[in-house]
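**Student:** Just so you know, we're using my numbering here: the sequence shown kicks off at 286 and counts up by one.
Calculated from the structure, these hints are not laboratory results. Hints may contain errors.
What the hints assert, rightly or not - SDA-like mimics (lysine to any residue), calculated; alpha carbons at most 20 angstroms apart, straight line:
no., residue 1, residue 2
1, 362, 320
2, 289, 474
3, 320, 487
4, 362, 315
5, 422, 441
6, 362, 312
7, 320, 334
8, 362, 412
9, 422, 450
10, 320, 304
11, 289, 320
12, 289, 426
13, 422, 406
14, 362, 351
15, 320, 395
16, 362, 323
17, 289, 441
18, 320, 351
19, 289, 482
20, 422, 439
21, 362, 373
22, 289, 412
23, 362, 289
24, 362, 322
25, 289, 466
26, 320, 297
27, 289, 437
28, 320, 453
29, 289, 477
30, 422, 469
31, 422, 476
32, 422, 399
33, 422, 477
34, 362, 406
35, 362, 321
36, 362, 441
37, 289, 479
38, 289, 450
39, 362, 346
40, 422, 412
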Amino acid sequence: MARKTLIRRGGTAASALALILGGVYAVEGGYVNHKEDRGGPTHSGVTQVVARQNGYLGDMRNFPRNCNATATVCADKIYTEMYVSRPGFYPLLTLDPGVAAEVIDTGINMGPAIASRYLQTAINANCAPARLTVDGKVGRATIAAYSACQRSIGAVTFCTRVLGSLDAQQEQRYRRIVQNQPSQAVFLRGWIAHRIGNVDRASCQ
């Protein structure tokens, strides 16, 4: 059963992001080094490869979740820079925090470019006037199209439909991964339980 992330509209981007990352940490936990995990050692969901790319040289068992005077590389900073700001998801935190939660979580799990393509595909599929190029780059055009679709369809209805489309695409990819790489089947139940339907639809209200 997925842990439901519930984020009410009308809050600040910072408060929405804090709730989203709290949900990520609740699912990912601390240090993990599963022999079948292609990502290798992780802490708080951050892989050792990503931590090293961002300048962390210590043992992943001690990788910090929050930055401070002595820890300048941490999960909060990496997630905010690599999986929120850089992919262009930041405007969604106030425009539609429920959808922001879904694409950020998907980006953390599958990569921001994949999450971006899923978002663009979901917008096109659920809003006839939208004609976005599905290029995995969320910029002004994608955000403007999302906002226009909210106005034409209704923010609650559009949010609910987009979340459904995002979940469907993500689940399909998980099943393809297992089909192509049977060793990953050990993770399928957890992926479905924690990553599909993990955003409470009440977040759309």
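**Student:** Between the alpha carbons of residue 320 and residue 334, is the straight-line distance 20 angstroms or under?
**Tutor:** Holds - the C-alpha atoms of residue 334 and residue 320 are around 16 angstroms apart, at most 20 angstroms.
**Student:** Are the Cα atoms of residue 362 and residue 312 separated by 20 angstroms or less?
**Tutor:** Answer holds: residue 362 to residue 312 is near 18 angstroms, not above 20 angstroms.
**Student:** Does the structure keep residue 289 and residue 450 at a Cα separation of 20 angstroms or less?
**Tutor:** 17 angstroms, holds
**Student:** Holds or violated: residue 362 and residue 412, Cα atoms, limit 20 angstroms.
**Tutor:** Violated - the C-alpha atoms of residue 412 and residue 362 are around 34 angstroms apart, more than 20 angstroms.
**Student:** Quickly compare the C-alpha distance for residue 289 and residue 320 to 20 angstroms and report which way the hint goes.
**Tutor:** Cα-Cα ~28 angstroms, so violated.
**Student:** Just to be careful, I want the Cα atoms of residue 422 and residue 476 compared with a cutoff of 20 angstroms; is the pair within it?
**Tutor:** 25 angstroms, violated
**Student:** With a cut-off of 20 angstroms on the C-alpha distance, tell me whether residue 362 and residue 322 pass.
**Tutor:** 23 angstroms, violated
**Student:** Quickly compare the C-alpha distance for residue 289 and residue 466 to 20 angstroms and report which way the hint goes.
**Tutor:** 29 angstroms, violated
**Student:** Hinted pair, alpha-carbon criterion (20 angstroms max): residue 320, residue 395. Please report holds or violated.
**Tutor:** 19 angstroms, holds
**Student:** Please verify whether residue 422 and residue 439 have alpha carbons no more than 20 angstroms apart.
**Tutor:** 24 angstroms, violated
**Student:** Taken at face value, is the distance from the CA of residue 399 to the CA of residue 422 at most 20 angstroms?
**Tutor:** Given pair residue 422, residue 399 holds - Cα atoms ~10 angstroms apart, limit 20 angstroms.
**Student:** Given the hinted pair residue 362 and residue 351, is their Cα-Cα distance within 20 angstroms?
**Tutor:** 8 angstroms, holds
The structure is inconsistent with the numbered hints 1, 3, 5, 8, 10, 11, 12, 16, 18, 20, 22, 23, 24, 25, 26, 27, 28, 30, 31, 33, 34, 35, 36, although it conforms to all the rest.
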